[in-house]
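2 protein chains.
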Amino acid sequence: MIKVGIVGYGNLGRGVCLAVDKAEDFECVGVFTRRQPETVKPITGYKVYSVNDLPKFKGEIDVLILCGGSATDLPATTAGYIKDFNTVDSFDTHAKIPEYFEKLDKIAKENGKIGLISVGWDPGVFSLARLLFGSVLPDGKDYTFWGKGVSQGHSDAIRRIKGVKNAIQYTVPKEDALTRVRNGENPELSVREKHARECFVVAEEGADRTRIEKEIKEMPNYFSDYDTTVHFISEEELKANHGKLAHGGVVIRSGKTTDENSELLQLSLKLDSNPEFTGSVLTAYARAVYRLYKKGETGVKTVFDIPLKYLYPLDPEQAFKTLL
Amino acid sequence: MIKVGIVGYGNLGRGVCLAVDKAEDFECVGVFTRRQPETVKPITGYKVYSVNDLPKFKGEIDVLILCGGSATDLPATTAGYIKDFNTVDSFDTHAKIPEYFEKLDKIAKENGKIGLISVGWDPGVFSLARLLFGSVLPDGKDYTFWGKGVSQGHSDAIRRIKGVKNAIQYTVPKEDALTRVRNGENPELSVREKHARECFVVAEEGADRTRIEKEIKEMPNYFSDYDTTVHFISEEELKANHGKLAHGGVVIRSGKTTDENSELLQLSLKLDSNPEFTGSVLTAYARAVYRLYKKGETGVKTVFDIPLKYLYPLDPEQAFKTLL
Chain A
1 MIKVGIVGYG NLGRGVCLAV DKAEDFECVG VFTRRQPETV KPITGYKVYS VNDLPKFKGE
61 IDVLILCGGS ATDLPATTAG YIKDFNTVDS FDTHAKIPEY FEKLDKIAKE NGKIGLISVG
121 WDPGVFSLAR LLFGSVLPDG KDYTFWGKGV SQGHSDAIRR IKGVKNAIQY TVPKEDALTR
181 VRNGENPELS VREKHARECF VVAEEGADRT RIEKEIKEMP NYFSDYDTTV HFISEEELKA
241 NHGKLAHGGV VIRSGKTTDE NSELLQLSLK LDSNPEFTGS VLTAYARAVY RLYKKGETGV
301 KTVFDIPLKY LYPLDPEQAF KTLL
Chain B
1 MIKVGIVGYG NLGRGVCLAV DKAEDFECVG VFTRRQPETV KPITGYKVYS VNDLPKFKGE
61 IDVLILCGGS ATDLPATTAG YIKDFNTVDS FDTHAKIPEY FEKLDKIAKE NGKIGLISVG
121 WDPGVFSLAR LLFGSVLPDG KDYTFWGKGV SQGHSDAIRR IKGVKNAIQY TVPKEDALTR
181 VRNGENPELS VREKHARECF VVAEEGADRT RIEKEIKEMP NYFSDYDTTV HFISEEELKA
241 NHGKLAHGGV VIRSGKTTDE NSELLQLSLK LDSNPEFTGS VLTAYARAVY RLYKKGETGV
301 KTVFDIPLKY LYPLDPEQAF KTLL
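Protein chains in written order, with the numbering used here: chain A, 1 to 324; chain B, 1 to 324.
It should be emphasised that the hints constitute simulated quantities derived from the structure, not laboratory data. One or more hints might be untrue.
When chains are identical, the list treats them as one kind, so a pair holds in a single copy or across two.
[Unchecked claim] List time: in silico DSS-like cross-link candidates among lysine-lysine, alpha-carbon distance up to 27 Å:
| no. | residue 1 | residue 2 |
| --- | --- | --- |
| 1 | K109 | K41 |
| 2 | K96 | K321 |
| 3 | K256 | K22 |
| 4 | K22 | K106 |
| 5 | K256 | K41 |
| 6 | K58 | K22 |
| 7 | K56 | K3 |
| 8 | K58 | K217 |
| 9 | K22 | K47 |
| 10 | K294 | K106 |
Please take these sequences and the hints and turn them into a complete structure.
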């Protein structure tokens with residue numbers, strides 16, 4: 001049995017609990033929280049401890065699955081965990097991955113541990129598609145479209161605007177762009193041409209809606225480069241119609257093998273629950289961390305380093321007999 | 001530079017030549033043929049030698065890319081090549097892979113070589129999808145659909161019927177089955193419900209077309225379990241409209257993360273040229289064989305054993321900085 005600890009119990013931690021519960025080769029030692037342990041009730045009934053108690057579990061846990069956020073939580077805490085434990089996380093700030101990698105790699109190697117970073121669907125499954133597709137079709141171009149789905153970062157950005165009580169933002173791929181890419185046109189697409197942004201906003205009573213809408217649409221990086229629509233709705237409507245955590249997306253690469261012939265590869269996801277799927281991916285990769293650690297490997301790794309057989313729930317050396 | 005030899009110059013050998021020509025880190029030592037070398041003219045202008053001269057190139061070639069067929073050619077010849085060379089092949093008789101693996105593994109290990117088997121799109125890219133999807137969504141079911149595209153094996157089977165001059169057979173996935181799978185229904189599908197078979201046949205003058213059609217439709221394994229349509233056409237029409245080697249297909253897995261939530265994963269290919277794409281995949285994996293051999297690995301391997309970073313044309317340890 002692979003003994004795991006789950007750090008954090010938000011949407012993602014809940015998703016990991018569900019995935020660990022489905023995996024017959026896993027045993028959960030406990031969920032570790034920064035909150036009062038008695039206030040956290042994992043859906044799977046796992047024991048809950050304070051993160052401060054983690055050092056006591058050194059040697060008792062094969063892999064820690066880190067379910068904190070990428071903005072502040074993981075950068076501040078992973079280095080500490082990796083001194084005592086193998087870890088897997090979903091760090092998803094693409095631009096900061098090299099820096100995060102360097103910092104952790106040194107600590108992981110010094111302490112003889114594995115830290116597998118940036119696991120999930122993007123980065124993660126989509127990254128594997130980009131690498132595989134690009135390697136087998138070098139004379140081509142790839143495109144990643146996200147959505148339709150909620151972007152937590154963009155929803156948070158709207159919530160920080162004065163007069164906004166609550167908000168949900170959907171990233172929506174543009175059909176016209178998808179069609180052109182799927183036709184193998186390999187178009188140059190601006191940010192605006194690839195995705196639209198649709199915002200559902202609950203304004204505080206008496207707030208200036210015209211100003212709020214203007215502030216959203218003109219917000220640099222987040223919205224100003226996109227076609228953005230803003231709908232003001234009630235808190236009740238938001239709760240009733242926008243509580244789902246569905247998401248999805250597609251990686252598409254079209255490449256030429258000769259001047260006459262093009263080949264088109266696509267990997268797509270349609271998710272009812274973004275955090276439940278991400279939790280499933282983290283769990284499968286925790287299995288790989290366990291196996292690689294048993295083989296004596298150490299240091300920081302990404303999905304690009306891991307032979308896929310190590311994700312297989314049964315004997316990895318036999319996977320080729322049924323799945324190849 | 002990675003020095004490769006290409007064994008065989010049929011459709012697949014031609015595809016490999018084109019892919020090697022596009023790869024800046026590859027150098028082709030030569031194409032090796034069983035025909036008279038002077039009768040073979042590779043599209044890329046590579047030198048041509050007799051396969052009998054291969055032993056002279058021992059130590060001069062990093063990887064041999066084997067482009068023979070799976071029915072008789074690869075089973076008869078790979079063991080001989082692997083004594084002197086690292087190899088990559090596209091052995092695709094799924095049921096016989098374990099036997100092929102065992103036989104070659106011993107020889108590869110004894111001679112300190114790597115033999116990477118069953119590389120292409122199925123087995124190959126589609127196998128990776130089945131393994132990845134199954135591991136991250138264990139509570140689900142996967143489906144592989146092939147086509148629309150020409151099946152060489154089925155076309156050959158028709159050509160062996162008395163009175164048939166030429167024939168092309170298309171495997172066609174059934175839209176209704178695809179729709180049900182994409183809706184996440186996880187249906188039980190019979191062979192007949194998944195694919196149809198469409199045959200274009202050139203009959204010899206005076207041949208009994210009714211008998212030919214009956215023999216096709218009743219042929220066990222190949223056609224009797226399928227909805228099969230037979231069209232008799234002229235040799236000119238066959239050449240004009242059925243000379244393309246287009247193919248494609250999709251691996252779909254739908255799985256539950258909870259009773260309420262399903263996640264749907266799909267990997268699809270749409271190929272103008274099946275052999276050119278397969279040649280590109282073989283070439284990318286030849287790069288991986290070269291790199292793993294440099295690291296001291298030996299024995300028979302499949303795509304499940306290879307970290308995807310080793311396919312990357314540039315520094316594999318840096319791939320995560322741009323593609324993750």
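For each hint, the structure was consulted:
For the homomeric pair K109 and K41, neither the shortest alpha-carbon distance inside one copy (35 Å) nor that between copies (53 Å) is at most 27 Å. In this assembly of identical chains, K96 and K321 lie within 27 Å of each other by CA distance solely across copies; the values are 9 Å between and 39 Å within a copy. For a Cα distance limit of 27 Å, the shortest separation of K256 from K22 across copies, 10 Å, qualifies, whereas the shortest one inside one copy, 42 Å, does not. When the C-alpha separation of K22 and K106 is checked against a cutoff of 27 Å, the pair qualifies neither within a copy, at 34 Å, nor between copies, at 38 Å.
For the identical chains of this complex, K256 and K41 are inter-copy neighbours only, at 22 Å across copies versus 53 Å inside a copy, given an alpha-carbon limit of 27 Å. In this homomeric assembly, K58 and K22 come within 27 Å of each other (Cα to Cα) only inside a single copy, at 25 Å, whereas the closest approach across copies is 51 Å. When the C-alpha separation of K56 and K3 is checked against a cutoff of 27 Å, the pair qualifies only within one copy, where the shortest distance is 15 Å, while the shortest distance between copies is 54 Å. For the identical chains of this complex, K58 and K217 are neighbours neither inside a copy (49 Å) nor across copies (66 Å), given an alpha-carbon limit of 27 Å.
Taking identical chains as interchangeable, the C-alpha atoms of K22 and K47 lie at most 27 Å apart only when both belong to the same chain, with a minimum of 17 Å there against 56 Å between chains. Taking identical chains as interchangeable, the C-alpha atoms of K294 and K106 lie at most 27 Å apart whether they share a chain (20 Å) or sit on different chains (25 Å).
The structure does not agree with the numbered hints 1, 4 and 8 stated previously, though it agrees with the rest.
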